[in-house]
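Chains as they are written, first to last, in my numbering: chain D, 46 to 193; chain G, -8 to 353.
Hints are computed from structural coordinates only; laboratory data are not their basis. Some hints here could point you the wrong way.
Unchecked claim - What the simulated footprint calls covered on chain D by chain G, stretch by stretch (three residues with Cβ under 8 Å from a Cβ of chain G suffice, anywhere in the stretch; the number is not a length):
#1 106 to 112
#2 120 to 127
#3 136 to 145
#4 186 to 193
Note that the Cβ used here is the ideal one computed from N, Cα and C, for glycine as well.
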Amino acid sequence: MSFATKSPWIIHYAATSCNGCDIEVLACLTPLYDVERFGIINSGNPKHADIFLVTGSVNEQNLPVIRQIYDQMLEPKVVVAIGICATSGGVFRECYNTYGGVDSAIPVDVYVPGCAARPQAIIDGVVTALGVLDAKSAAFAQSKKEAS
Amino acid sequence: MGKRTIIPFGPQHPVLPEPVHLDLVLEDEIVVAAIPQIGFVHRGLEKLVEKRDYNQFMYVAERICGICSFGHSLGYAQTIEALMDVEIPKRAEYLRVIWHELSRIHSHLLWLGLVADGFGYESLFMHTWRLRERVLDIFEKTTGGRVIFSACTVGGVVHDIENSELSGIVAVLDGLASEYAELSGAFLKDTSVNNRLVGVGVLTKEQAYDLSAVGPFGRASGLPYDIRSIGYGGYADLANFVPVTSPAGDSYARCEVRVKEVLASIEIIKELVAKIPAGEIAVAVKGAPAAGSQVVSRLEQPRGEAFYYAKGNGTKFLDRFRVRTPTSINIPGMVTALAGCQLADVPMIVLTIDPCISCTER
Ligand code: SF4
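Same shape as in the complex, but just chain G (with noise of 0.2 Å):
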């Protein structure tokens, strides 16, 4: 047995802009565990539910987090709809979830521009960021914001898309998608980015079971759980949903099920366009949840599933929300897969679970 040392990593890291502290402790070049420690982001938001009413927490629960921000403010307000038994219209569900897939690809471009970084391949992460603008573009042009929209509202959303605008999306989709293709065959069949991904932070689909890993990271390890199937909102009219795995559990695994679902995404968005309902997009939501009634809700954000919770007191104002975001739920996973890698290779596989610390700590 080697000398055991321990290594800080972060919460400050040139590859990771997320403040994530890890205690690695190796065994030469062999990381044996890594103990992680967080709080560095912790704001305490979910106690400002007594000073904001639930339409001004509208904004406080969409900055939960800058990249997963529409996912938020989209699972906040499917819960205070639920808890007030209001029934939101048919083009407004439609629109939440172009938007929301919208901010999938984003998410999952971003993803993998930071991965390339972390394997050190700065041209590919440009191109990928660069395909991003797009998506970004698109989001100035509807919502005005780039990455924090203000879009959704309890009752529906808050701009409508017109229908010649939609078709104007799709197209710039469909171009997306031939570019994109170049560059994921870089992250599919580079035999030196294979190199850096192939067999790295295994984690077996026993672990994923046992620990509830989620999103990306549990469906690249072979289970096959996605909420978007039990059809929430415009889903629903889907005809055909089903998530996209990985059996390997491999760092290669999860590029590929990012790499697909971006393709995924693209297709959702065309076939809710073709079908979306004409007619209005918000209704007026008047009073308050009444006292003692409770919700739990749940979506599939780009990382995996989130939970919200939410309980009425009878006043606009929330007696308590809750939410459980993918990335608290993965770290145990990413520890066990961190167990056993090479020093060399541990921004990246605390990359591929895609932490989102800010959520995680709220």
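Chain D on its own, in the form it takes in the complex (with noise of 0.2 Å):
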């Protein structure tokens, strides 16, 4: 990918994350790592948000706003797990109160290892994330086209 053909806006939320993940995807916003130089812009209302970024697993109470905030966010949409506790549960897996990973929740199109994923690695899985928003965009604008 040479170049982002649009500027992407996240969406962040924080599942049972213990807040380690959390505070590296700020930090990712802050100057020394500063994702905004992908054009990429922190947004609080999931119809802006291109890219939903969710640290922590899911457990019985967040599992219904995770796939609230999921259906509210525009297609096409790129979900990407922060943290191995969002990728399967990490240490916590085996808790009663956790059912796994966000793919047990919604799609996740992108895993972002680590405990607590270091910025370089959350960087690398944004912009991993473009790509798949990319194709995603031509599959959608090819089934638009096909559909009139």
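Hints in hand, dock the two standalone chains.
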């Protein structure tokens, strides 16, 4: 990918994250790592967002919240699971109140490993997500063309 | 009386990365009550002691919270050591306190940045987090981790820090302190910042006392309550420890306490670096906690007092492990401080207790 075709906006939700991955996501937005240089802006509104960053795993109470945010986002959209908790449940996978990774609630496109995931890895994940977003946009445009 | 409206706040909110939900009962723009709801982060890790032995559980305890991670690993280690009657080497105690105080600096800088974001001063947020990265660099150099270090173990610490490296850390902190002076000036003296902070979200000393507010939240209401003064671990060797307090009980006072605690932590680190003894950094711990043995221990997290309780049953698996964290005890205080405020001040007042929902719900 030589350049991004749009400036993707992200929305971030902390599921059962221990905060470790969350603060690393925030650190990505601040001067040292600065994902804003890819045109990425952190948005609070699901309808403005293209990329959904989730940290932490899924439990009984946040399952509907995750689904709701995901459903509100417009197509095309990409989900990035950040940290080993979001990937598989991590150290908490055997806890009675943990269902597992984010993919037990919604489809996930990119997995970023690490506990806590390092900012470099998160940025790598987001940039990978940009590629997925481009492919999805193309497929989406194609299907619209065929429908009309 | 105006019409009453209920506005839901969270668990996903742009200003507040923490998943807490509040039902805000409003009369026009004034919040008359805030009803909290938690549980979005509950994992049930206390029950995991049945599946992880006391050494493995160290890694789980550290992940109670990624911001106070070192504090929790220290609290857990301290509790198990007391349960098994282990005395750890002096050097390990000092190193623990040094990392713990560095964590306090990173946590307070993180909070100051978030609060700047909360009152809409974006560049102040960015600069505060830029400074915070220097502390994270120290963590990365000394332990390999940025937010989760796995540096504590039952019986001591895993990594030593060479004395030359310790003086390097002091030099970094000195550099940080001079840049920090400019930033803290913006928090404490800037008129537009003060307009957002002074008189907002007041918790009086009586209320703070009645609701057992802990940490900077309580100290900003004038309660001189800090567990570090009982002198656990390396704190016992400090020449003089005085908790930082401020009387007003508003958001400004909470800012002031944290701003000053960063400088106090730097002083503590300097004093301990000058005094640190040579020697071992860990003792081997064998066996298991005796059946029926139980221990309560506590320490001062960046957000306030945390309690730990552990009970042994003669095996390597604990019978029960329990944590009570500062945020859970501060929620009643937060709800009290919210009553009567303007809707627009809600995110900021919620931020001022420095909520750590992950700790609270475990
Ligand atoms: S992956 Fe590790 S750091 Fe990230 S939320 Fe989970 S326990 Fe915390």
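Worksheet item: Are there three or more residues in the stretch 186 to 193 of chain D whose C-beta lies within less than 8 Å of some C-beta in chain G?
Response: violated (count 0)
Discussion item. Please verify the coverage claim for the stretch 136 to 145 of chain D: does it have three or more residues whose C-beta sits within 8 Å of some C-beta in chain G?
Written reply: holds (count 7)
Worksheet item: Quick check: the stretch 106 to 112 of chain D, covered by chain G? Criterion 3+ residues, Cβ under 8 Å.
Response: Satisfied; 3 residues make the cut.
Discussion item. If you count the residues of the stretch 120 to 127 of chain D with a beta-carbon closer than 8 Å to a beta-carbon of chain G, do you get 3 or more?
Written reply: violated (count 0)
In summary, the structure is inconsistent with hints 2, 4 from the numbered list given earlier, while agreeing with the others.
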